[in-house]
Structures are given as C-alpha cells and as structure tokens.
Amino acid sequence: MIPNDVILRSVTKAAIVIIFTFSIYLFFGGHHNPGGGFIGGLSVASGLVLLYLSFDIETVSKNIPVDFKKVAAFGVLLALLTGMSSLFVGKPFLNQTFGYFELPIFGKTELATAVLFDVGVALAVIGTAVTIILSISEDG
Amino acid sequence: MNNLVIMPIIIPLLAGLILILFSKNIGFQRFFSASAILASGYVAVILLQQIKGKGIQVLQAGGWEAPFGISIVADMFSALLLLSASIVAFFCLMYAFKSIGRERENHYFYPFYLFLITGVNGSFLTGDLFNLFVCFEVMLISSYVLLSLGGTRIQLRESIKYVLINVLSSSLFLIAVAYLYAMLGTLNFAHLSLRVADAGQDGLLTTVALLFLIVFGMKAALFLFFWLPGSYSAPPTAIAAIFAALLTKVGIYALFRTFTLVFYHEPQITHFIIGILGALTMILGAIGAIAYWEIKKILTYNVIVGVGFIMAGLASSTHYGMMGSIYYLIHDILIKALIILLGGTIIYIMGTSKLKEISGLIRNHPFLGWMFFIAALSLAGIPPLSGFLGKVFITRGTFESEYYWLGGIGLFTSLMVLYSIMKIFMNVFWGETNVSKEMEKGTAKGLVLPIAGLTGLTITLGIGAEGIAESVRIAADGLLNPSLYIEAVIGESQFGSK
Chain W
0 MIPNDVILRS
10 VTKAAIVIIF
20 TFSIYLFFGG
30 HHNPGGGFIG
40 GLSVASGLVL
50 LYLSFDIETV
60 SKNIPVDFKK
70 VAAFGVLLAL
80 LTGMSSLFVG
90 KPFLNQTFGY
100 FELPIFGKTE
110 LATAVLFDVG
120 VALAVIGTAV
130 TIILSISEDG
Chain H
0 MNNLVIMPII
10 IPLLAGLILI
20 LFSKNIGFQR
30 FFSASAILAS
40 GYVAVILLQQ
50 IKGKGIQVLQ
60 AGGWEAPFGI
70 SIVADMFSAL
80 LLLSASIVAF
90 FCLMYAFKSI
100 GRERENHYFY
110 PFYLFLITGV
120 NGSFLTGDLF
130 NLFVCFEVML
140 ISSYVLLSLG
150 GTRIQLRESI
160 KYVLINVLSS
170 SLFLIAVAYL
180 YAMLGTLNFA
190 HLSLRVADAG
200 QDGLLTTVAL
210 LFLIVFGMKA
220 ALFLFFWLPG
230 SYSAPPTAIA
240 AIFAALLTKV
250 GIYALFRTFT
260 LVFYHEPQIT
270 HFIIGILGAL
280 TMILGAIGAI
290 AYWEIKKILT
300 YNVIVGVGFI
310 MAGLASSTHY
320 GMMGSIYYLI
330 HDILIKALII
340 LLGGTIIYIM
350 GTSKLKEISG
360 LIRNHPFLGW
370 MFFIAALSLA
380 GIPPLSGFLG
390 KVFITRGTFE
400 SEYYWLGGIG
410 LFTSLMVLYS
420 IMKIFMNVFW
430 GETNVSKEME
440 KGTAKGLVLP
450 IAGLTGLTIT
460 LGIGAEGIAE
470 SVRIAADGLL
480 NPSLYIEAVI
490 GESQFGSK
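Top line first, the protein sequences correspond to chains W and H. Numbering of the first sequence is given in numbering that gives the first Met the number 0, commencing with residue 0 and proceeding in unit increments. Numbering of the second sequence is given in numbering that gives the first Met the number 0, commencing with residue 0 and proceeding in unit increments.
Check before you lean on any hint, since a few could be wrong.
Claimed, not checked - If you want the footprint, here are the derived chain H segments under chain W, 3+ residues with CB under 8 Å:
{"#": "1", "stretch": "48-61"}
{"#": "2", "stretch": "307-320"}
What the hints assert, rightly or not - Calculated cross-link-like contacts (lysine to aspartate or glutamate; reagent style DMTMM-like; alpha-carbon spacing at most 20 Å):
{"#": "3", "chain 1": "H", "residue 1": "K51", "chain 2": "H", "residue 2": "D476"}
{"#": "4", "chain 1": "H", "residue 1": "K23", "chain 2": "W", "residue 2": "D4"}
{"#": "5", "chain 1": "W", "residue 1": "K69", "chain 2": "H", "residue 2": "E104"}
{"#": "6", "chain 1": "H", "residue 1": "K51", "chain 2": "H", "residue 2": "E465"}
What the hints assert, rightly or not - Far from chain W, by Cβ distances over 10 Å, these chain H residues were calculated:
{"#": "7", "residue": "I5"}
{"#": "8", "residue": "R152"}
{"#": "9", "residue": "L410"}
Source of the hints: derived by calculation from the structure; they are not laboratory data. Just so you know, even glycine gets a beta-carbon here, dropped at the ideal spot from N, CA and C.
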C-alpha cells in the first residue's frame, strides 16, 4: 500500500534517535531548565508518531509490544504512589525528598523523588497521546 | 497535619488506576470498586468523629505552609457530604452491577465511575480555588465519558450539548479565578477570605462574586439549568442516578463555600440575587415537573427544584437556614438517586417512559410500588421522612431573614413536586393492569435491593434525624463563622505544629 519511501524511512531511522535523545534531555533538564515530564513525554510521543507515519502500525507495534492504555494508567499510578510513599514515613501527602549521591560515571549527582513523579507524568502523556493517535487511526 | 484527610481522594483514584491495568476480569472489577467506595465511606466516618472531637482537619499537601501550598480541608460540612456521597455511590454501583451490561463493563465503566467519585470527593475536600477547578474537571471529564459510554444516538447528541456547556462554564470559571488572583494575589480559600475582609468587598469584588455565581450556578443547575433535563435523561439509569445525586450537589457545595467563606460581606446584593435565582429555579423547575407526561422528564425537573430549595437556605444566611440546607442537601443526595433509580426501574420493566402507556403496575410489583410511594412522600417533605426537617428549617430561616416570598415559593413548589410525583405514582401503579407479568420487557430482580437500601436510609434519616443533629449544627456553625475555617488552615502553619 505504501509506495517506495526509502528516503523517508532512512531519515526517520536517523531522526528518531535524535528525537528520543532530545526528549530524554528535556525530561532530565526539567528541574533547572525549561522542560520536564509533560514536554518530555510529548516529544517521545511525537517520535512514536513519526515511526507510525513512516512504517505501518503492525510493524511498530511488533517492535514496541506495549499497550499504551496501560502505559498511561501505569504512569498515573507511579505518580500517585510517589506521592503516597511519604505517607509511610509520617510526612504529608506529596512530600518529596532529595539527596546527593556519588554515581560511577556522573560523579556527584542530585537525585530527587520528584523525578519519579515526573516519570509518571511522562508515561501518562506518552500513553494518552499514542492511544488517541492509534484509536482514531483504526478502521471502523 | 492529618493524612487521613486526603484518603477519600486517593482511594478511588488508586482503585480506578489498578482497574485499568486489570480490565479483563469483571468480577474483580466489581468487587474492587465496591470495596474502594466502602473504604472511602469508612474514612469519611472516621473524619466525622475526628472533626467532632478535635475541630476542622487540615492537610497541607507536600508539607508547604498554608497560603503557599495546597490545603486539603475537611470540615463538618464536607465530611457529611463525603459520607452521603459514598453511601449513594455504593448503592448506585450495586444497581449498576445488575443493569449496566457487559459491553459497558468491558469498556472501563468501573474505572470512570471511580474517577467520578475521586473528582466529587476532591471538590468537597479542597481548600484552594484552583484545585477546586482541577477537581471539577476530573469529575466533569469522567462524567463526559460516562454520559457517552455505549454510544447510542441520544447519548451522543446529549453529550455534545453537555460537553459544550461545561467547557463554556469551565472557561468562565478559569476567567473568574484569573480576575480574583489579579486582585487579591492568592488562591487559598482561607487566605482569600482574609484578603477580601481586609480589602473590603467593593464593587469589583462583588462583580467577580457574581461571575462565580454564574459559573457555579451553571454547574449546579441554579436557574441556568437548560442543559440538565436533556443530559440527565440520556445515560443508563445507574449513571443518571449518580449524576442527579452528586454532580449538581458539587456546584451547590462550591456556592456554599464561596458565599459563606469568601464573599459574605455584601449579602444584600449577592445573597439577595441567590434568593431570586433560587425562587426562579424552584418555580421553573416545578412548572417543568408538572408539565410533562414522561417519567424521565418529571424526575429530572425535580432535581432542579431541589437545587432552588437548597439555595433558599443559603440566601437566608441564618443559622436555621444553613442547618436546613445541610439537612436538605444530605436528604437530596439520597432521594434524587433513589427516585431516579425507581423511575429507571419502571422504564426498564415497561420499556417505555410515557406515563399514559403504563398502568396498574402495583399488582405485579407491590414492593416497588410502595417504595416509590415512600420516596414520593419523602421527596415532598412529609413529616416522618427525611425531606421534612430540611424544609422546615429552610422555611424558618427564610422567614427569620424576612424573605417571606422565598419561603412561600418553597412551600408552594413542594405542593407542585408532590403533585408531579404522585401523578407518576397514580398513573403507573394504580388502575387496570394492562401488562401481564410475562409481557414485561425486563425483570426487576436484583434491582430492588439497592432501591430498598436507599428507601431504608431515607426513613432512617427522617426518624433518626436527632442522630446527626449535632454534626449538622457544627457544620452550620462552621459555615456561619468563617474564622473557624481560617484559623484551622492558616493558624496551624503559623504556629508550626508539624
């Protein structure tokens, strides 16, 4: 059905790496620079949409075998559980904590539980956006 | 700090998310959603005890102090509403088990039901204007889905109207919040109340207050109810019942919160307008209720009459008026769910909503018939049942504040409500039985149980009104003394009881 689109596919293969890297950059930069879970998740979703455009849905879903509805639910669940984790140590709901750790490659790094919340947001955004795209693209 | 306060929001949300992950197993979905609602009802009971013992319970989310973070506040008013909302949600869910159908259950009915409860509970508990907006949206988006789930022609038509009107009123809400934030620089209810009291409620602030009146009035079907009869008669019975019981009540709750806590300085303008709108709502709703010969239409117009009546209590802003409104609000949550479930069951049995095509149902369904009779009397406010006390107190409140016309209209519309509902009773249940048991379209087996539960509750609430009198009195005191609320929210953070 799809005509000979070798240029599109080759460009996509290169571009997709850049898009996903940029999304991860946006995601982790969110604490100190513009970015964060929402925009990071949205750009991952746009990368996935590019994949769906240049290859067909079956190929992509064979290579990324996840149910995006569940990704969205899991994302919100993760964000909620991060908020709830403070209940177990007797702190108010949604309390967060952070600390500095010596990591092998990165050196001294600030790790915060807010990142886990952001992971939840990002997964929810990816799941929702891709679910919308996939369900309106389905035939009747 | 009391983490229990947030539990009625977290429990249904968590349960709903888990149910999306396990969407195939219907038995598990039913069991889990029912237990989540029971759990949040149980939390509401504990909160009620705590508030009675130790005063208003507050949680500063994330540990940020009051005007800067989001406060979650449970005072007596919200705890009573939480409890009645959980009870009604449980019975409507039981009704849904039997009636909603496998097709809808497979398409995430239970998760969305739980998200609706999350939004409702969140609106009752939040102590922050913008957070109230977010909880409204959680509730509304779930209600859009529940309204259109199933995708029949009439549902799609009505959900377009419903979504349009709610998007409009939500954007008005946002604009009103923006105005208020520009003027006062805060969004926390307690802090807003302090700032309004400091600045004095001048003409501009009163204008913003009226904008809020329009916004919440649209949600609560106060005068701006043109969208309600259509959208509440489109979805399946269990969903229509939970809508009628909870959605307008959240708007009413927001009106009470804003006009008793924040904008209470110019009652001769704002509360007078609320009184006029309440009176118009009662009259127009009652006219609608007696005009139609269709069960669904009559019942949805009765929802509107109730809203107007509760607003009469707020307009009077006396102690008795407030107590009456709280009694009536609790009663109204129960009775509107009950009456819609009853009407839906009749329609399900006979396969038609037209009064003139149904007659003599009492021969085959005596139990259903007498429960409808009790519900009808309770709706109109006949003494031993739950609607009575609220009506008496609201009427007394309006007379005390010399709104005689308002109390009079309230009493007169009670008669019209009684007429409209007795019209259903006499037409449907009395007369010649025109349909034998074999010709009926559906069976009421299993549907009667939740209805009987709610009927029992309306009798208990009527006879045992003394049992909640203390809580209602505390709630009314809280509404009339904003300083209690402010002290609980702002005071705690200033004196640093971490």
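message = I'd like to know which numbered hints this structure contradicts. Please list them from smallest to largest.
response = 2, 4 and 7
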